[in-house]
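Participant: Chain by chain, the residues run as shown.
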Amino acid sequence: MCAMPTNENEWPGEEDVEPLSRRKLFTGLRKALLAATGALAAGEAAQMMAHSSQPEPPESATAGKPEDYAAPSLTFVRDVRAYLVRDALGFYALDAVCSHLGCLVRAVGDGQNSPLLGFECPCHNSHYDAQGERISGPAPRGLRYLAVELDSTGNLIIHRDRETHPDDRLIA
Amino acid sequence: MGDSRASFFEHLHPATIPARSAAFTYTFGLGGISVLLVLVLLVTGVLLMFFYEPSLARAYSSVAAITYEAPYGWFVRNLHYWAGQWLVVTATLHMARVVFTGGYKRRRLNWLIGLGLLVLVILLDFTGLVLRWDADVSWALLVGTNLLREVPLLGETLYRLAVGGETVGAATPVRFYGWHIAGLTIALLFLGVWHIWRVRRDGGISHAARTPRLSRRALVRTEGLATLVVLTMLGVVSLLWDAPLAPPADLNTPAAHESAAPWFFLGVQEALRFASPLLAGVIAPLLVLGVLAALPYALDRSAEGEGHWFNAAGRRAQIVFAAALLLVIALTVRGALR
Amino acid sequence: MRRVALAGLWPLLATAGLLLVVVGAWLRERTAPWRRYQDDPQVRAVVPSLTGQRELCLTCHWSIEEISPSHPVEVVGCVACHGGVGIALDEDLAHTGLIRNPGDLSVAAQTCGGSACHSGAPADHRDHLPRVERSIQATYAGAIAYVLRAFGVQPDSVARFGIYAVQSYEGPPDNGGRPVVEALAAFQPAPDAPPLVQQFAGNCLTCHLSAEAIQAPYFYRATGCSACHVLYDNDGLYKGGDPTLPRDEPGHMRRHELTTAIPYTQCNHCHNRGNYELPTMTFVPRADIPAPDYLNAIERRVHEYYQPIGQFTLCEWELDCVDCHTRREVMGDGYLYSSQRDARYTECRTCHGTLDAPPLSYTITDPDDLALRLAFLNPNLELQVGDTILMTDLGEPLPHVVWRGDRLELTMKATGQRYDVPLVLGSGCQQRPDQQESHYCHVCHAYERE
Ligand code: HEM
Ligand code: FES
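Protein chains in written order, with our numbering: chain R, 1 to 172; chain V, 1001 to 1338; chain X, 2001 to 2450.
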């Protein structure tokens, strides 16, 4: 560029007439307003992005009549991602979601042809016993016990959103 | 800015610029405003992508969900809509400025790139409009795509490329989506960057041979101010006027009211009333484009008058351009008044 | 000098402008029009199982009453009946194509009759819509025929015209031999017809199912199916829970509810409201309603119901119209009749029997019996398999008149009030056995309006 550099700090024709303080005030204010605008706009965009109209997964699901299940037996109930176990005492349900990072655990043994030995997680090799207690692996705690109930028509319902005590059984 | 080292934005410009080129009343900042609108379109477009679902079942309902359910979705949609509409206008005015100041002189390649940008902008507007999938886009969709069929030899292929099948159907929304958010947008970004690089490559914005120079910092400040003003205007318009949304499209039922093309195609729609689809819908628009493309090659090859409004050397080019522009505007206005 | 002083001001102002825009967006988001109807504003979506399409209507109409237990909103939703764009929260767009009254006969084929809901097979008793379209309440054929005869345009009072052209329909085969006509042409008086006939066509076609109601107290009602099944108060004011509907604007239903428990007041929005004056062919509304304040409730009812010339018996003002008049009479049975006289077939003996025999009855054995379905729709009725109920000469069940041991008990459909039905058999009635039609009964049993 064949130019003669001019003073880069100045507007065209602008000399040192303007009080410095006023210019500083304007600039400071402008920057503050700009920051506020940016923050607000970012907040609005974030609110939009956080929106979801995706339906919630079911919190509970019916699993047929108690007499559909042999005693003892173990059945995976897909809708609530849980194992429905029937033992000599009654029914209970174990959350199949691993307490480590949420993979679905596999049953070892089906409780019918082979004894239910426990559960293992295919992701990072956590092991749980047949009662869902943690045995080994990175899982921080055992599997959750989910509430099992009978509805008015005599069907079993498993509630994902309600945890119970390991000794609780639904006696059918 | 006490620090006198150049900022990123300043680095995008040469260190000093001819005062004439930087004067707002020379370019009216139209190219820069177009760049700004493209940036707004990109940001808002990405936000819309989080929600838009290109399928027959979900296209319309996802637009409705953006408009009514997602917080600020209406605002983002309005911004995207208005920026898109304005871009057609600013790019056209920018082109007019280039013609009347002889900006195309010694910048023929960039003139062609710019023309490519204009075509892309219109196609982007068109494909975006169709994504709405409401009753108002039925005309645009059916007529616009059927016009492609009129193109000799290539017609059927072009139609399939646009529509994704033998007729408008289940494959069409995702087709238009792909074109809109990727195919055309990538081309626009590529040509856009090339266009701006060419401006510098061609020795900066056209200017008369001898003019005083001034610091780029002044230009950057003007640009900053223009950015704030344009964004504010766009925001106010988007707060007050909503992007249209009609009831869902039903391509199997005749439209209740007379369907209108999107405004930037009103001219073509009007022409279609007078001549065959091939002539009015394909040949005529291509002819206008051809004349525009040929402008720096056939109508004015001189280098004199560069940087001068209505320079004498470019008189012929200016008149032809003005005539073409007036023709398009006249047809558009006529269509709009129906 | 001044230019210089302002140099930094413009960017500052422009930035402030931009900030205002972002704040404006926040304000507009917070004050979206739909938010004003709820205390804790939230979008309320329903995905009715009938359509599977998401609907947001309840976001504004959130506390509207459910239309009926047999049309739960989770199943039917709003759009299947009311049209509109259910996923919009903008008043105009949401209401584009809105069907205010889905029961109107011009849309009923796609609303009530859609998905074969109420235009199904006659054998299932699901052909409500085609029957109603042919009922005399819809065709108005009787009044037209009567007027045409009165002015000498036709020799007899056999119906030839209706509000619209319509053909008889393959309804239940037996109608007891009552006279019917095959088809009606649309009534459109010829240009040379007598002026009074022209005037009749212009002034008087206001009392049929497709006619808009006269907008005045006691006349407010809807059209089509809703004319009977959606109750209107005499003041025409809405008293339900929809926050979007005005409370002080007459012309609205009482509540957003469908019912088969229809009180006489509903019938009275059309019937007994005034007279057509033949010499001028104008409608003259009754001048004696509302009833004077000194009357008690029962007297009021008699007063407001019957015109001074009316002749009626005790049960005709104690009960509601629908306690005697059956669905076949009121909604039609697929045949085209020339007059009310031909369409009606209930007699006093339908419930009271004759000197020789008790009324016709049957015992319900089939759990799908129509009587059980009708009783299910009316919360005032209780009926089970094994109950013995009355039926008409044509076999229509009367699910509200049940033998309880040796008592014949009638439950009023609209109020649930119970009566023992006295029988003629074994009474001191001196009527000749061959004169058992109602008008003979009226001779002795008539009450007079004071
Ligand atoms: C998306 C659309 C477009 C964008 C973003 C854009 C951007 C720009 C920018 C930033 C400049 C610098 C000068 C100024 O700001 O006026 C410029 C110059 C130029 N543009 Fe465009 N432009 C677009 C469309 C067009 C069109 C449609 C044409 C003509 C067919 C065109 C032809 C030119 C030419 C020839 C120059 C150099 C002008 C000169 O040096 O005076 N551009 N463009
Ligand atoms: S998720 Fe089960 S072990 Fe990691």
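Derived by calculation from the structure, the hints in this document are not laboratory data.
A virtual CB, placed ideally from N, CA and C, is assigned to each residue, including glycine.
There could be a bad hint or two in this list.
The calculated label-pair distances, taken between Cβ atoms and stated as ranges, are [claimed, not checked]: (1) X:Y2037 - R:A71: 45 to 55 Å; (2) V:L1286 - X:T2051: 41 to 51 Å; (3) X:V2385 - V:N1252: 41 to 51 Å; (4) V:N1252 - X:A2116: 50 to 60 Å; (5) V:P1244 - X:Y2037: 24 to 34 Å; (6) V:A1323 - X:A2109: 31 to 41 Å; (7) R:C123 - X:G2241: 46 to 56 Å.
Computed from the model, here is a short list of chain R residues facing chain X with C-beta under 8 Å [said to hold, decoys possible]: (8) T27; (9) L33; (10) T37; (11) L40; (12) K65; (13) E67; (14) Y69; (15) A71; (16) L150.
Chain V is nowhere near these chain X residues, computed Cβ spacing over 10 Å in every case [to be verified]: (17) W2010; (18) T2015; (19) G2024; (20) E2029; (21) S2070; (22) I2087; (23) T2096; (24) G2202; (25) A2213; (26) R2327; (27) L2370; (28) L2394; (29) W2403; (30) P2422; (31) L2425.
Participant: Against each hint, give a clear statement of whether it holds in the structure.
Facilitator: Here's how the hints hold up against the structure:
Between Y2037 (chain X) and A71 (chain R) the beta carbon distance is about 54 Å. The supplied range of 45 to 55 Å therefore holds. Checked against the given bound of 41 to 51 Å, the beta carbons of L1286 (chain V) and T2051 (chain X), roughly 46 Å apart, stay inside it. Distance hint for V2385 (chain X) and N1252 (chain V): a CB-CB separation of about 48 Å, consistent with the stated range 41 to 51 Å. Take N1252 (chain V) and A2116 (chain X): their Cβ atoms lie about 22 Å apart, and the range 50 to 60 Å is violated.
Checked against the given bound of 24 to 34 Å, the beta carbons of P1244 (chain V) and Y2037 (chain X), roughly 25 Å apart, stay inside it. At about 57 Å, the beta-carbon gap between A1323 (chain V) and A2109 (chain X) misses the expected band of 31 to 41 Å. C123 (chain R) and G2241 (chain X) have their C-beta atoms about 51 Å apart, which keeps the hinted 46 to 56 Å range intact. With its C-beta approaching chain X no nearer than about 6 Å, T27 (chain R) sits inside the 8 Å limit, and its interface hint holds.
Of the supplied interface hints, the one on L33 (chain R) holds, with its beta-carbon coming within about 4 Å of a beta-carbon of chain X, less than 8 Å. Taking 8 Å as the C-beta contact cut-off toward chain X, the hint placing T37 (chain R) at the interface holds, the least distance being around 4 Å. Checking L40 (chain R) against chain X: minimum C-beta separation of about 5 Å stays under 8 Å; hint holds. For the restraint placing K65 (chain R) at the interface with chain X, the shortest Cβ-Cβ distance is roughly 24 Å, beyond the 8 Å limit, so the hint is violated.
Hint status for E67 (chain R): violated, given a least beta-carbon distance of 26 Å to chain X, over 8 Å. For Y69 (chain R), the shortest C-beta to C-beta distance to chain X is roughly 29 Å, which exceeds 8 Å, and the interface hint is violated. Here the hint on A71 (chain R) is broken, as its CB sits about 36 Å from the closest CB of chain X, past 8 Å. Residue-level restraint check for L150 (chain R) is violated (minimum Cβ-Cβ distance to chain X is 24 Å; threshold 8 Å).
Against the 10 Å criterion, W2010 (chain X) falls within the reach of chain V, whose nearest CB is about 6 Å from its own CB. Against the 10 Å criterion, T2015 (chain X) falls within the reach of chain V, whose nearest CB is about 6 Å from its own CB. The claim that G2024 (chain X) is not at the interface with chain V is violated, since a C-beta of that chain comes within 10 Å of its own (minimum 5 Å). Once the 10 Å rule is applied to beta carbons, E2029 (chain X) is inconsistent with being away from chain V; the minimum gap is 6 Å.
Every Cβ of chain V is farther than 10 Å from the Cβ of S2070 (chain X); the closest lies at roughly 28 Å, confirming the non-interface assignment. Distance check for I2087 (chain X) against chain V: the nearest CB is about 4 Å away, which does not clear 10 Å, and the non-interface claim fails. Distance check for T2096 (chain X) against chain V: the nearest CB is about 5 Å away, which does not clear 10 Å, and the non-interface claim fails. With a closest Cβ-Cβ approach of about 31 Å to chain V, G2202 (chain X) is found to remain outside the 10 Å limit, as its non-interface label requires.
Against the 10 Å criterion, A2213 (chain X) stays outside the reach of chain V, whose nearest CB is about 28 Å from its own CB. Here R2327 (chain X) stays apart from chain V, with its beta-carbon at least about 36 Å from theirs, past the 10 Å limit. Distance check on L2370 (chain X): its Cβ is at least 38 Å (rounded) from any Cβ of chain V, clearing the 10 Å threshold; non-interface status holds. At roughly 43 Å, the least C-beta separation between L2394 (chain X) and chain V is larger than 10 Å, which holds for a residue marked as non-interface.
Remark: the non-interface label on W2403 (chain X) is consistent with the geometry, its nearest Cβ contact in chain V lying 55 Å away (cut-off 10 Å). No Cβ of chain V approaches the Cβ of P2422 (chain X) within 10 Å, the least distance being about 60 Å, so the stated non-interface status holds. No beta-carbon of chain V is positioned within 10 Å of the beta-carbon of L2425 (chain X); the least distance is around 63 Å.
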